[in-house]
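Asks: Residue numbers (this note's numbering), protein chains in the order written: chain Z, 1 to 121; chain P, 1 to 121; chain X, 1 to 121; chain Y, 1 to 121.
For the record, the hints were derived by calculation from the structure and aren't laboratory data. Keep in mind it's a predicted model, so treat the numbers as computed, not measured. The reader is advised that the hints may include incorrect statements.
A pair holds if it fits inside one copy or across any two, identical chains being indistinguishable in the list.
[What the hints assert, rightly or not] Subject to a maximum C-alpha distance of 25 angstroms in a straight line, what follows is the list of computed SDA-like cross-link-like pairs (lysine to any residue):
| hint | residue 1 | residue 2 |
| --- | --- | --- |
| 1 | K39 | N102 |
| 2 | K39 | N14 |
| 3 | K39 | R93 |
| 4 | K39 | Q72 |
| 5 | K39 | A118 |
| 6 | K39 | P98 |
There are 4 protein chains.
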Amino acid sequence: MTERARQSMLNSENMQPCIQECLNCHSICLTTVAYCLQKGGAHAEAAHVRLLLDCAEICQTSANFMLRGSDQHRRTCAVCAAICEICAEACARMSDDPPMQNCAEACRRCAESCRGMAMAA
Amino acid sequence: MTERARQSMLNSENMQPCIQECLNCHSICLTTVAYCLQKGGAHAEAAHVRLLLDCAEICQTSANFMLRGSDQHRRTCAVCAAICEICAEACARMSDDPPMQNCAEACRRCAESCRGMAMAA
Amino acid sequence: MTERARQSMLNSENMQPCIQECLNCHSICLTTVAYCLQKGGAHAEAAHVRLLLDCAEICQTSANFMLRGSDQHRRTCAVCAAICEICAEACARMSDDPPMQNCAEACRRCAESCRGMAMAA
Amino acid sequence: MTERARQSMLNSENMQPCIQECLNCHSICLTTVAYCLQKGGAHAEAAHVRLLLDCAEICQTSANFMLRGSDQHRRTCAVCAAICEICAEACARMSDDPPMQNCAEACRRCAESCRGMAMAA
Numbered sequence: 001m002t003e004r005a006r007q008s009m010l011n012s013e014n015m016q017p018c019i020q021e022c023l024n025c026h027s028i029c030l031t032t033v034a035y036c037l038q039k040g041g042a043h044a045e046a047a048h049v050r051l052l053l054d055c056a057e058i059c060q061t062s063a064n065f066m067l068r069g070s071d072q073h074r075r076t077c078a079v080c081a082a083i084c085e086i087c088a089e090a091c092a093r094m095s096d097d098p099p100m101q102n103c104a105e106a107c108r109r110c111a112e113s114c115r116g117m118a119m120a121a
Numbered sequence: 001m002t003e004r005a006r007q008s009m010l011n012s013e014n015m016q017p018c019i020q021e022c023l024n025c026h027s028i029c030l031t032t033v034a035y036c037l038q039k040g041g042a043h044a045e046a047a048h049v050r051l052l053l054d055c056a057e058i059c060q061t062s063a064n065f066m067l068r069g070s071d072q073h074r075r076t077c078a079v080c081a082a083i084c085e086i087c088a089e090a091c092a093r094m095s096d097d098p099p100m101q102n103c104a105e106a107c108r109r110c111a112e113s114c115r116g117m118a119m120a121a
Numbered sequence: 001m002t003e004r005a006r007q008s009m010l011n012s013e014n015m016q017p018c019i020q021e022c023l024n025c026h027s028i029c030l031t032t033v034a035y036c037l038q039k040g041g042a043h044a045e046a047a048h049v050r051l052l053l054d055c056a057e058i059c060q061t062s063a064n065f066m067l068r069g070s071d072q073h074r075r076t077c078a079v080c081a082a083i084c085e086i087c088a089e090a091c092a093r094m095s096d097d098p099p100m101q102n103c104a105e106a107c108r109r110c111a112e113s114c115r116g117m118a119m120a121a
Numbered sequence: 001m002t003e004r005a006r007q008s009m010l011n012s013e014n015m016q017p018c019i020q021e022c023l024n025c026h027s028i029c030l031t032t033v034a035y036c037l038q039k040g041g042a043h044a045e046a047a048h049v050r051l052l053l054d055c056a057e058i059c060q061t062s063a064n065f066m067l068r069g070s071d072q073h074r075r076t077c078a079v080c081a082a083i084c085e086i087c088a089e090a091c092a093r094m095s096d097d098p099p100m101q102n103c104a105e106a107c108r109r110c111a112e113s114c115r116g117m118a119m120a121a
């Protein structure tokens, strides 16, 4: 194995928890879209569903950059952290609804992990 | 240029109209999701929004397979044709709504083009 | 909760193992793309890298259809099973290379799970 | 039509040129991946192919945010502009190769359009 390949594998190991948070947040946001559309009312408002779709997609993109071992992953992690934070707040506001709290929690954990990755030296 | 590279470029030219139909249908379906969520009512029913999201995603995947010059593009074109057809019918049923008719038309054109690609020798 | 929402949740539970296999196969295929590009030679041949990219993308699409609870998920699972099978065979042929065997195994498991989902009543 | 729906459509019209640049850059980058893998040598170096895949994916994500009419599209446009710029420079360095110059040009146009969108009031 070349030094470069070895380095890339080390990097990947550092990234593993953040990749997992992104994939997890992506999955929960898409499942939550289906839940919100079926619930209707405030859950299905255009801005809310759109935000969940945005969050799912940027998590997927951010995970894919890390999985490819891309040099540019800090940029996608930074924007992923920002959007996850906004989505966490929107979901947390639906305070008496366990699936929404579950989604808020996944977004918050992903935001924190991506923020750490974006600021890593 | 090798014979294989030349062949791949010829293939790409044959694929160009189908790639364009897929990208066009993808764009219109995503725009229609936003429109349907804002309209509410039958437009925003879970099954309908989900079908538009499905159609947008399989069009994107199908376009990407052709853009990469993948040997497997006939498989993704076949499933894209089937889903576009179903989405076209669902949108066409909202018969007094021009944006939905516009979406139905884009889905129908994409279905036809993908069907042709899927059956090409 | 409506009967329909309850049904959708039951479906999601049935789908959970297949979603996991798709997400896992997607992740391993993208990581393997990076590995193959760095190794060069036969690993980095256009047809091989392309097949890994195809497999990663159809796994992602197939997972997303299930996560949305889409009625059309059997179609995407069927094409996912076929492409995973082809990718598994291509990776298995690089028989003295543990990362490729690991990728072949993930593809084979995903193919089997998606085949089951595609044929479910 | 509600005021909000009307506003959203006006926004979409403003976004149309940037959406087109993103979709165009995405398509050319993916086609260029296939070209580079077939050419081999410096074209197929891991870092270069990865950058083209990164650029294709962030263009797709950025287009999708605008197509959905997302409030968060400025964030994805900003990171898209940065990555397109880096990809344009990498492709422009292969100065005697027309397909690479063509890709550099598409990346540069997309970077400029996304930069404008990211900074819009």
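Asks: Determine for every hint whether it applies to the structure shown.
Replies: Hint-by-hint comparison with the structure:
1. K39 - N102: Within one copy, since 16 angstroms is at most 25 angstroms while 28 angstroms is not.
2. K39 - N14: So K39 and N14 pass the 25 angstroms test across copies only (21 angstroms; inside, 39 angstroms).
3. K39 - R93: both (16 angstroms within a copy, 23 angstroms between copies)
4. K39 - Q72: between (38 angstroms within a copy, 21 angstroms between copies)
5. K39 - A118: neither (35 angstroms within a copy, 28 angstroms between copies)
6. K39 - P98: Intra 13 angstroms, inter 27 angstroms, cutoff 25 angstroms: intra-copy only.
The structure does not agree with numbered hint 5 stated previously, though it agrees with all others.
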